[in-house]
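A.B. asks: Here are the chains, one letter per residue:
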Amino acid sequence: MSIALLAGPPGGQGMESLSSHQQRLGALPAVPPALIDSIERSNLRGKGGAGFPVAIKWRSVASQPGGAPVVLANGGEGEPLSRKDRMLMEQRPHLVIDGAMLAAGAVGADEIVLYVGADHVGAIQAMHRAMTERTASERARLRLVSAPVRYVSGEETAAVHFINDGIALPTSIPPRPFEHGIDGRPTLVQNVETLAAVALIARFGDDWYRSLGTGNASGTTLVTVGGAVPQTVLIEIPQGMALADAVNAAGGITSDCDAVLLGGYFGGWVESSTAWGLPLDADALRQLGYSLGCGVVAVLPAGRCGVVETARILAYLAHESARQCGPCTFGLRAISAAAGRVAALTPTPGDLEHIQRWAGVLAGRGACRHPDGAAGLVASALRVFAAEFQLHEHDRRCSVASLAVAAS
Amino acid sequence: MSDRLAIGIDRIKCDGHGVCADLVPEMIELDDWGYPIIRAGAIPPSVLPHARRAVSGCPTLALRLQRVAARR
Ligand SMILES: Cc1cc2nc3c(=O)[nH]c(=O)nc-3n(C[C@H](O)[C@H](O)[C@H](O)COP(=O)(O)O)c2cc1C
Ligand code: SF4
Ligand code: SF4
Chain P
1 MSIALLAGPP GGQGMESLSS HQQRLGALPA VPPALIDSIE RSNLRGKGGA GFPVAIKWRS
61 VASQPGGAPV VLANGGEGEP LSRKDRMLME QRPHLVIDGA MLAAGAVGAD EIVLYVGADH
121 VGAIQAMHRA MTERTASERA RLRLVSAPVR YVSGEETAAV HFINDGIALP TSIPPRPFEH
181 GIDGRPTLVQ NVETLAAVAL IARFGDDWYR SLGTGNASGT TLVTVGGAVP QTVLIEIPQG
241 MALADAVNAA GGITSDCDAV LLGGYFGGWV ESSTAWGLPL DADALRQLGY SLGCGVVAVL
301 PAGRCGVVET ARILAYLAHE SARQCGPCTF GLRAISAAAG RVAALTPTPG DLEHIQRWAG
361 VLAGRGACRH PDGAAGLVAS ALRVFAAEFQ LHEHDRRCSV ASLAVAAS
Chain W
1 MSDRLAIGID RIKCDGHGVC ADLVPEMIEL DDWGYPIIRA GAIPPSVLPH ARRAVSGCPT
61 LALRLQRVAA RR
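Protein chains in written order, with our numbering: chain P, 1 to 408; chain W, 1 to 72.
Don't take each hint at face value.
Unchecked claim - Each computed SDA-like pair below joins lysine to any residue, with the alpha-carbon atoms no more than 20 Å apart:
| id | chain 1 | residue 1 | chain 2 | residue 2 |
| --- | --- | --- | --- | --- |
| 1 | W | K13 | P | Q324 |
| 2 | W | K13 | P | F330 |
| 3 | W | K13 | P | H161 |
| 4 | W | K13 | P | L169 |
| 5 | W | K13 | P | P174 |
| 6 | W | K13 | P | A363 |
| 7 | W | K13 | W | T60 |
| 8 | W | K13 | P | G364 |
| 9 | W | K13 | P | R176 |
| 10 | W | K13 | P | A302 |
| 11 | W | K13 | P | R369 |
| 12 | W | K13 | P | I167 |
| 13 | W | K13 | P | Y316 |
| 14 | W | K13 | P | E353 |
| 15 | W | K13 | W | G34 |
| 16 | W | K13 | P | I173 |
For the record, the hints were derived by calculation from the structure and aren't laboratory data.
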């Protein structure tokens, strides 16, 4: 299913050349004078995870004092379950560059940094080649920067910190990047998928973009579907499509399944009975208390224990803490250790109660939102896998592991 | 109209000394690792002197008073 960002040559063909891109979509348009208004009407939200309204951010950057702004196209994609940003950059680098150029024009920026996770080698190569296809004057405004392979590298203050000082760790806010970013200038940090959508809205208009969505939802969204499906795939869907339809578009489930991890490591678990009917629309999900995050749909396969998977993710998130803030450093470490013991059927008294309490006091207590993501994941796991957690802690049994033993 | 003030914190600077919780217990308690949990929202006027003392007493200069509306 390829309807907007991925329309054109099939993904297997690799990077779309500039000539194909321009033949298909026309040359990069001059920045329409009312682009920000059009973006606002399109209801475009950031695709990096937080879902912040794009037009509001552009206005803040455009009205900042402090020199010409900079645009930072965020292709860090540290989320282990996501593929969308690297694949978008591999296949449609010119869409990302067009979007960054248009954003730069709209906010008055004269420089664009393309920030790409160093492990996304294909994406780096495609972005580099795409830059060489651009005119000299365009190239002069573009800078490609490889981001260290680390979960927090893609956090916006960490990205700015790395570009300024070579240190990919978050910094305290205020100031936020839109006030004081690259070289101290106002900096617009925008996910690469967000920018690619801008490239289409500027060409075809906000009415067109809105009409791509289902119901009230606007536009399209990239979704990485993984877990109990034939293979991990990237699909582009009309925003608002039911989760079950997206999973079917990815080939359908390959086993029974009790739960879906929606939004990736910063998202949350949802019982499959609820999950199938959920609309994949950032706004609607937020209102329902869920998060689309960066568009990850991971189907938990039968035979995998949600407690064990959650403990594994928490171990990763604790390890990936930048260890600058006490609550994040010690809180995640403690939650991860306790969850690890419960998962391994070796709980110490109070582990479950501690996990619950600690998860409740983590949100909002780091310089960045890393602990918030972990806290949300824990809360959802305790809800969705409540019975399994109890079984692990009180009976020191895992129903899934015992099934596996029974089956062998 | 006087600005309503809240306590802001630089989480990277904070070393968990816990002095603040002693100085303004009305607004700050400590978590299991000794790091402050700050009550959200405006500081009641009667507590403001304590809050000011905590801000100036923090050994890492991690605390500040900020306008409530400025919080995002
Ligand atoms: C720990 C952490 C890691 C993040 N990693 C990424 C990332 O890899 N890519 C990304 O686009 N945004 C990431 N973000 C979100 C960015 O801080 C920022 O909100 C985003 O790039 C803004 O772009 P958008 O509004 O277009 O989504 C991360 C946030 C946090 C807290
Ligand atoms: S909250 Fe965690 S990840 Fe974010 S800056 Fe602080 S220690 Fe680093
Ligand atoms: S006194 Fe300062 S350093 Fe100590 S816990 Fe409070 S805020 Fe942190």
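A.B. asks: Confirm or reject each hint.
C.D. replies: Hint by hint, here is what the structure shows:
Under the criterion of a C-alpha separation no larger than 20 Å, the hint pairing K13/W with Q324/P is consistent with the structure, at around 8 Å. Pair hint K13/W plus F330/P holds up; C-alpha atoms about 15 Å apart against a cutoff of 20 Å. Between K13/W and H161/P, the direct Cα distance comes to roughly 16 Å. Compliance with the 20 Å bound is thereby established for this hinted pair. Proximity of K13/W to L169/P is assessed by CA-CA distance (about 14 Å); at most 20 Å being required, the pair is judged to hold.
About 13 Å separates the Cα atoms of K13/W and P174/P, which keeps this hinted pair within 20 Å; it holds. Taken as a hint, the K13/W and A363/P pair is honoured in the structure, with Cα atoms around 18 Å apart against an allowance of 20 Å. At roughly 6 Å between alpha-carbon atoms, K13/W and T60/W fall within 20 Å of each other, so this suggested pair holds. Our distance criterion of 20 Å between C-alpha atoms is met by K13/W and G364/P, whose separation comes to about 15 Å.
In summary, the hint linking K13/W to R176/P is supported, as the alpha carbons are separated by about 17 Å, within the 20 Å threshold. The suggested pairing of K13/W with A302/P is violated, with an alpha-carbon distance near 45 Å, which exceeds 20 Å. A distance of roughly 16 Å separates the Cα atoms of K13/W and R369/P; the hinted pair therefore holds under the 20 Å criterion. Restraint check for K13/W and I167/P: the C-alpha separation of about 17 Å stays at or below 20 Å, so the hint holds.
Only pairs whose Cα atoms come within 20 Å are accepted, and K13/W paired with Y316/P is rejected, the gap being roughly 24 Å. At most 20 Å may separate the alpha-carbon atoms for a hinted pair to count; K13/W and E353/P exceed this at roughly 30 Å. Between K13/W and G34/W the CA atoms are separated by roughly 14 Å; this keeps the pair inside 20 Å, and the hint holds. Proposed proximity of K13/W and I173/P is supported: the alpha carbons are some 12 Å apart, at most 20 Å.
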